[in-house]
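Q: Starting from the known structure of chain A, arrange chains B, C and D on it as the hints suggest.
For the record, the sequence lines run as chains A, B, C and D. Just so you know, numbering that gives the first Met the number 0 puts 306 at position 307 of the first sequence, and the rest follows in order with no gaps. Just so you know, numbering that gives the first Met the number 0 puts 154 at position 155 of the second sequence, and the rest follows in order with no gaps. Just so you know, numbering that gives the first Met the number 0 puts 566 at position 567 of the third sequence, and the rest follows in order with no gaps. Just so you know, numbering that gives the first Met the number 0 puts 5 at position 6 of the fourth sequence, and the rest follows in order with no gaps.
In case anyone wonders, no lab produced these hints; they're calculated from the structure. All values reported here derive from a predicted model rather than from experimental measurement. No false leads were mixed into what you were given.
Below, simulated SDA-like cross-link-like pairs (lysine to any residue); rule was C-alpha separation at most 25 Å, straight line:
#	chain 1	residue 1	chain 2	residue 2
1	C	294	A	90
2	D	133	D	121
3	A	228	D	112
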Amino acid sequence: MSQKEQQVIQAIEDEALFTFAEYDPEAAERVGYSDYSYWGSTLKIFLKNKTAIFLLALMASLILFTTIQPYLPNQKSPTKIHVDPATGHPLRNQKPSNEYWFGTNVIGQDLWARIWSGTRTSLLIAIIVGIWEVGFGIFIGAVWGYVRQIDAFMTEAYNVINNVPTTILLMLLAYILRPSFRTMVIAMCATGWLGMARFVRNQIVIIRDREYNLASRCLGTPTSRIITKNLLPYLVSVIVMRIALSIPGTIGWEVFLTYIGLGLPIDTPSLGNLLNEGRQVMMAPALRYQLVFPAVVLSVITISFYVLGNAFADASDPRNHY
Amino acid sequence: MLKYSIKRLLQSLVTVFIVITLVFLLMRLLPEEGYFGDGYDKLTPEQRENILRKFGLLDPWYIQLRNFYSSLLKGDLGKSIIYRPDVPVIDIIKLKIPFSAAFGLAAICVSLFFGLTMGIHMARNKGRFWDKVWSSYVVFINAVPAAVYLLFIQLYITGLKFRGRSIFPMLFNRHDPRSWILPLISMSLGGIAGYALWMRRYMVDQLNQDYIRLARAKGMSDKQIMVKHVMRNAFVPMAQYLPASVLLTISGSIYIESLYSIPGMGGLLVDVIQRQDNVMVQALVLIYSTLGIWGLFLGDILMAIFDPRIRLEKREGAR
Amino acid sequence: MKVLKRVIPVLLMAVVLLAGCTPTAEETDTPPESKLRESGDVYSVYSGEITTINYLVTSTTAEFSVAANVVDCLVEYDHLGIVRPALAESWEVSDDGLVWTFKIREGVKWYTYQGEEYADVTAQDWMDAARYLLNPDNASATANIFYSVVKNAEEYYLGEIDDFEQVGVKAVDDYTLEYTLKHPVPYFLSMLTYCPFMPANGDFLEEVGDQFGTDHTKILYCGAYILSEWRHQDERIYEKNENYWDADNIHIKKIVSRYNKEAATLAPEMFLRGEITGATIPTASLDEWMNDPEKSKMVRPAETSFYSYWYTFNFDPNFPDEYEPENWKIAVNNKNFRKAIFHGLDRVSALLTLDPYEPERMLNNTITPKNFVAAGGKDYTMIGDLAKWTASDSFDPDLALEYRDKAREELEGKCTFPIKVMMPYNTSGTQWANESQVVEQQLEGLLGEDFIDIIPVGFPPTGFLNATRRAGNYALQNCNWGPDYADPETYTEPFYPDGTYNWPEKATDPAYLLEDGRTVYQKMVDDAKAEVLDIERRLELFAAAEAYVIEEAWVIPFRVGGGGYVATKLEPFASPYAPFGVSSLQYKGQIVMEEPMGMEEYKAAREKWEKDRAAALEAEAAAGR
Amino acid sequence: MTQNEREVIIEIKNLRVEFKGKGRKPFRAVDDVSFEIYKGETFGLVGETGSGKTTIGRAIVRINPTAAGEILFKGRRINGVIPKELDREVTRKIQMIFQDPMASLNERSKVDYIVSEGLYNIKGFKDEQDRMAKVSRALLEVGLLPEFASRFPHEFSGGQRQRIGVARALIMEPEFIIADEPISSLDVSIRAQVLNLLSDLQKTKGLTYLFISHDLSVVRFIADRIGVIHKGRLVELAETEELFGRPFHPYTRALLSAIPIPDPQIEKKKKVLVYDPTCHDYSKDKPKWVEITPGHFVLANEEELRQYEAMAG
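Excised from the complex, chain A in its bound form:
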């Protein structure tokens, strides 16, 4: 037995240090409480995830940078075709250099400027569509999931809409509205909310019949408040994850739409356009930078939001709050 241990034992035996406390039921009630707050814990867990913090900072600075980039000094126009003064011909396919940081594309536009302009466009679309998906999708999904009377109808309606090929809708929209930023946003808003609504509906059906909802109904709480107070808070984490995933998803759609000729007009740079242009030169290793730069930006954005979404979902799950 070491000396230290002996000291401890002695201390325990020393009655002066340990006296019986009086029983106090009120004090007993207080035992084991922490000053817990849901969002506080969520934040705490989230902040523990170093990768997520890094990516969050990265995305924040990316968004900031794409916004201020055009106002920085020495920036070129994303659409101006640079011409070689000697020959009068466009400076096509210039390798990355001091003048053109990311090189130029097949017609002599500055890839650096195009990539940031494209990122701006794509992110803007993705954010608008994301907000719409969340707003409209959640609204429809919540009502659909909560109000039983319309469930059967909504489910059938969903089956119908879901089975109409998106390509038809998109072609029609592009045909009626012409390819443009607005068309792109409308097209994606028109189709994107469906998945979100379905998702929210399923979640709500799962939690709808939990007893605390019955309790609220007994108390006469109106449906709107039951949805906002009892249901949506449970969905916040999954919803945030969906938003985070919908941003790369939307950009992916944009790439696909561009691929089938329904994308943005090419004079509006976007990641979809840049990638599509890049794909056409990917067989030429020397020009592959035209594919690599936008692909890297796209991948970084996708990975970041993807990881962020998952990290947030983990952090916001109260089961992880211990």
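A: For chains B, C and D alone, kept in the frame of chain A given last:
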């Protein structure tokens, strides 16, 4: 159960009917030019009219729709009008389905096997090295545009040589088993990532549950717990989606089939929509939505079989 | 024909991949050694799948290319572009130019896809084909080409007469065929190489009914090849027809084409690996090939086509108010304004988006491309006033500025500046969009942004032309047209009243109008059309009309179709040469070489071919044909 | 007896509740049930799981719609379509306490909101201060500290949570509370705590309880009268001691025999009766709801009635 099934199938008939009618009307909104392809300017108005008449496009839309349905009742999906004029739709897809279905099924098996294995491996090594390795794979597959990495796979892997001969041919060839490998792998990459992620998440959830802790406390080995508790439960929700994905394998994969020249269904729908072959579009939409709805239905039944807690006839009340 | 549509490049590419190339420097009369020429098989990939092989109905190039190799016409072109007998051994034309009598080659037979004899090819087959073609129920897209020249055919087609006997096609006996025409058609022989004039066996047509041409088992073969296999969007295999009447000139025994949607991307790599015989090199990777010492030896230019592209000024603007159609109407009716743009457009810059190496090669200074027709040993584009345009580049910045100043002076107060120029493009590819951006920047840069404001507007491929050109929904647009027959008349259709291009008849300039209500241009064309006997004179008249269109700057001639670069082992200049009809799509006469041709070799071969052709044309002219 | 003079707060007449399945025939969860609850009493409703006891409770608070019959609250019909005015009154006057305190509290809301949720609905407070005062009072009444209002449910133990549930009901100043197995999911050690709380509240506030449970011994402790329900039908109803002393219906007897007795000797010898529904022969003679002795009702047909009367002596 039988009654329920019949009712549900009848319901889906109505759904399919509405879907087709809707698709039909949407297709009519597309411009007439699509029916003529290249030669529009070289055709006289009479000729254009003759062509439209031949395809039955001059009839009012409800007559066209009625014709489609009446031939459908006779078990005839109609004849293609633009994609391959006068060829029965059935003949066109009959040739294509086997390829897509074969590849699709094989890909599902491959991705299920590797995906689940990977997912389990990740969950058991949660937060450790292999979890991170596989996670980066999942992130990579989700982040990099498929159009890019699939093309790279095809170009570079088919370029590999063994004793001066390529190991994998560039294009699919029905007589050469080696040519099946790359498309199959390409098709499975996404699925593997999906299943792995799903399995990992599910397992991590389950492993935190009380009953697993209890089982551990009882002294069950990890392996027993995995097999007896986690895996069995994990398959229940999966059972719901499996039939739909199996059935829909016949719709093929647009991009991979294009790259490897696999004569399957992939992209057929986009093709016929772009060419405005209304009959084909309707037939395909009919097939796909029927399969989709059937898939969901079978999924529910499978779920009910696997999970005794679920009954198809829910007892619900309403305020 | 039509303005650039998405399918065009695809189809052209498919054709290029298939047919590889055209004409060679071989002798006209197929010397003995050529008969012994050995050739490997052809392997290729294509991305534009055909929809049918019903050659009596189709009107697309890709589908013609099947017909061209499996069914023969009455006449054909050799590799120098000289008409030769094919299924007709000889022919005569009546003095009034209305009745053409053909002596059909005996002993030619129809074969099934398995190579079994089906029947003899007789004169009756042309009648049966015509009967099929003129049946509106069959909805043939080429029937109008037939009935625009053959007597009573249009009436029969429209149901005005029921008796097929009255239609001007008649089998006098088994081996004598007689066409009676509406009016004399000097270029009738060239029309015979088009699908609507191909034969078809009547019994077989009856046997297969509406399934004719739906797959390779549903047609009969009398051409150089038999399509032994066609699996849609999978594979096509042609095998040499050993019983072909001219089998000695068929050197390639087998042609295997695989369908691949990504063919444009994969083909160059597959070619390098020796898996296919030839590939088109996309503009984007051209640098790569040109700069690589090994690869650059394999690249050579591809032949240009006879599609003509030009920038068109719209005289009947019908676009949304935001682009100020009324303003445009005033501006476009000012000749100096048009001329300013005409001379201001740097066509070479715009073409760099298509061909960064030799953009000049595709440049076209007239509406009718070079080498299309010739008379009296002179190419059409060198006749009369056209010669002046042919010889010079329209791009002239100084001249453009001069016209701009004049236009500004004249339009000041009438127009608001800058004048908005709405310029549609198809969003399906990147090339057109890139070209639009180049044109916008170049024109605005030269003429000043305070003078014009070029506004490229993207339209989706779906219904592109109906939404833009045909609706008059454009100010300036890149349009195109392809020839139907070997006569410059074919290139006048877009500008003739009732065309759907730019409606020059709606121009307000009083100088364009005649007292009889016709436009000056209309009269010029009418006069040229009326001249049917003196071909030289006819071409002069058409050349004058065409020069008028250019002089008045209704359009800015821009370029020809086709072109680009290929790496292929198929021998160039060996296959039949013809700017119209289906002959040029034949594999006849071609071989697969050991090594692909490089740039220099190709140029030499081309020079030789041009010389040979000039000589052959002169010989023809001398022979009085 | 003076029953007829006592004020009836809830009257249930021939109540039937059906659930529509996907099948053609609806499932009858509650069938032809009638009973009354007097003001100030605790009425125990006993039955096994799935017998329909919870359904009755939920029918009263109008979560489950009724298929037939009437539910009267102070003589006014409250099932089916009712005027808004009445709806508001009933919402306030009838409250429910739920079985699972884990599940019945919204985990993402603070206790403050949970307790005052009902007040928001009836606008039962003047201002924020008034609301907070009411919340504090309610919490104190159930033996919780007012400062707990700012916490989340998962920070509390099961018993505390159930007390929050009670506070949530109390704040509405109800007259009638349905307690749906309020203690069955609690630790045995704190069951008494909650039961005592409920009893105390009843005394101080003059509440009426409908106490639903599957546990007869618990009901015996708290209830004045007990109804026994089996497969949606009420089979017996009597005052607590009457029922325990003289059960008629074989089902009741089976239930009673199953109550564990805290004496191993007796418990060992005790014979547990097994209820077999086939002992009734209702093929010819349908059973009726009969008052066999004053205040003691039983479900029986003529023949059984004779047997029971013989037993009653």
